[in-house]
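Asker: These are the residues of each chain, in order.
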Amino acid sequence: MREHHDVVIVGGGPAGLAAAVATKDAGVEDVVVLERDAKLGGILNQCIHNGFGLHTFNEELTGPEYALRYVDQVAERGITCLLNTMVVDISGDRVVTAVNPDRGVFTMDAGAVVLAMGCRERPRGALNIPGFRPAGIYTAGTAQRLVNIEGQMPGRNVVILGSGDIGLIMARRMTLEGAKVHCVAELMPYSGGLKRNIVQCLDDFGIPLLLSHTVTCIEGKRRVEAVWVSEVDERMQPIPGTEIRYPCDTLLLSVGLLPENELSRGAGVTLSPITRGPIVDDSLQTNVQGVFACGNVLHVHDLVDYVSQEAATAGACAAQFVREGCAPAGRTVAVEASGGVRYTVPSCVDPNRMAAKQVVRFRVGDVYRDRYVSVYVDDVRVSHRKKRVMAPGEMEEVVLKRSDLEARPQASRVLVTLEEV
Amino acid sequence: MSATTRELTCINCPLGCLLTVTLANGEVTAVTGNTCKRGDTYARKEIANPTRIVTTSVPVDGSATERMLSVKTERDIPKGEIFNVMTVLRKTRATAPVEVGDVIVPNVCNTGVDVVATRRA
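Same order as they appear, the protein sequences are chains A and B.
If you're matching positions, the first sequence starts at 0 in numbering that gives the first Met the number 0 and goes up one per residue.
If you're matching positions, the second sequence starts at 0 in numbering that gives the first Met the number 0 and goes up one per residue.
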């Protein structure tokens, strides 16, 4: 007979660990975490800067400290974690195939699966920058690993393309280690990172943020020798005559994160073309019964605190699924995004099952000032909240009240939208 | 009295409120734009005495699992001391075993703040 576990959690980063704790706390004893790295904690291990945990622990922790809180919680509960274990397949009927050095290839049946694989960085190949392939081009996260974990400096003279949070963090990190960071070039007219990172990582050190700029040429055959940066017009085409040549030895890329959903796809999980993560309901269940998703594999987060919250929901719902089996199909109300809201998570809710105050997370597609975030149930506006500023780099949330749906039993649609003041 | 204003972005939490600080003769007379008390406190402090927590990693000897040990200043230090602290930490090595919170450099640069480990090694 094949090995069986009530809940199998794929990934031992912040999402997987919080999901494991919540699953166990919901009364399911047989939980297994599968982690491909040699230690738990995921990307937090290399995020040595502070700023984690303000919402969860009400104190400002570094990444390793935040991870350790959950690693300790997992250990206290005696949850089994298989390290160096790579999941290679998840089937639609929840058979998980994994490989590790001790057991080789092995399979397990899962009562429920929680997808918590996180995301990966967009590489140079996704960018179409012409030129050779010299050494000295790294994603910001790779550079972060080299500096913080391996103790190696990838270069001394640096240009950064993309103003995602990891790029901003690495601008400061490289500067502190004695490198010269010439600029951060951002294709869009706004930054993709958190404002606090622009203040603390760029402004503090006088590093210029060049908005509406991109890299048009990388010089050097064996090693990067210079990078050309040009301004772009509103169609994002480089404007001739605006190029600046920065002699440098390193180009760091911080140009977006992609949820890592190869396994999800193999299991038959439907993905959103916008988030590139699974489409889920209010219990964070995907279209495949008993398969749940949370953290950056679901949609890319800015704050680990929200990853932990979301993962706790996924863990608790997976536990409920194992205990009670598949809930009878209830009423499904679609949650749709419009008017500048790019997507919502979840994308549908069951009014009989959802939380009394269901958190709906979303991102906007542009920078908006002084707009209302409005929620409609069919054509009735049920919430209307003013925001001073919203930007694509900062995840937003709105609360959907169960009572608003219970009061309208015929309603088929919830709309989250932005409205002018 | 000449009133001037300065725009700041609050860094206390990820909301990043846009703060407008009104100054008269160098004194803060008003802070607007904050959504909580911490924004007001931050703006007044950022004008008078800006501080930051410094984080870095230092090599660690004798650890089976780690080559580098991540560390931080236990509290925030004056912004002007950041590079002095880094000069000290770039010459620092730690020795395993280390627990989270262990002091790696006491009273760094006479700031009254210890540099502590943020990882086990």
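One should not assume that every hint holds.
Stated by the list, open to error - DSSO-like, lysine-lysine: derived pairs with alpha carbons at most 27 Å apart:
no., chain 1, residue 1, chain 2, residue 2
1, A, K386, B, K78
2, B, K90, A, K179
3, A, K179, B, K36
4, A, K400, A, K385
5, A, K385, A, K356
6, A, K194, B, K44
7, A, K194, B, K78
8, B, K44, A, K386
Derived by calculation from the structure, the hints in this document are not laboratory data.
Computed from a predicted model, the values in this text were never measured in an experiment.
Asker: Look at each hint and say if it fits the structure.
Answerer: Tested hints:
Between A/K386 and B/K78 the alpha-carbon distance is near 31 Å, which puts this suggested pair outside the 27 Å criterion. With a C-alpha separation of about 19 Å, the suggested pairing of B/K90 with A/K179 holds against the 27 Å cut-off. For the hint pairing A/K179 with B/K36, the CA-to-CA distance comes to about 37 Å; that exceeds 27 Å, so the pair is violated. Between the alpha carbons of A/K400 and A/K385 the distance comes to roughly 18 Å, so the proposed pair stays at or under 27 Å and holds.
A hinted pair counts as satisfied when its Cα atoms are at most 27 Å apart, and A/K385 with A/K356 qualifies at roughly 19 Å. Taken as a hint, the A/K194 and B/K44 pair is honoured in the structure, with Cα atoms around 18 Å apart against an allowance of 27 Å. The straight-line distance between the Cα atoms of A/K194 and B/K78 is roughly 18 Å, inside the 27 Å bound, and the hint therefore holds. With a CA separation close to 26 Å, the supplied pair B/K44 and A/K386 stays within the 27 Å bound.
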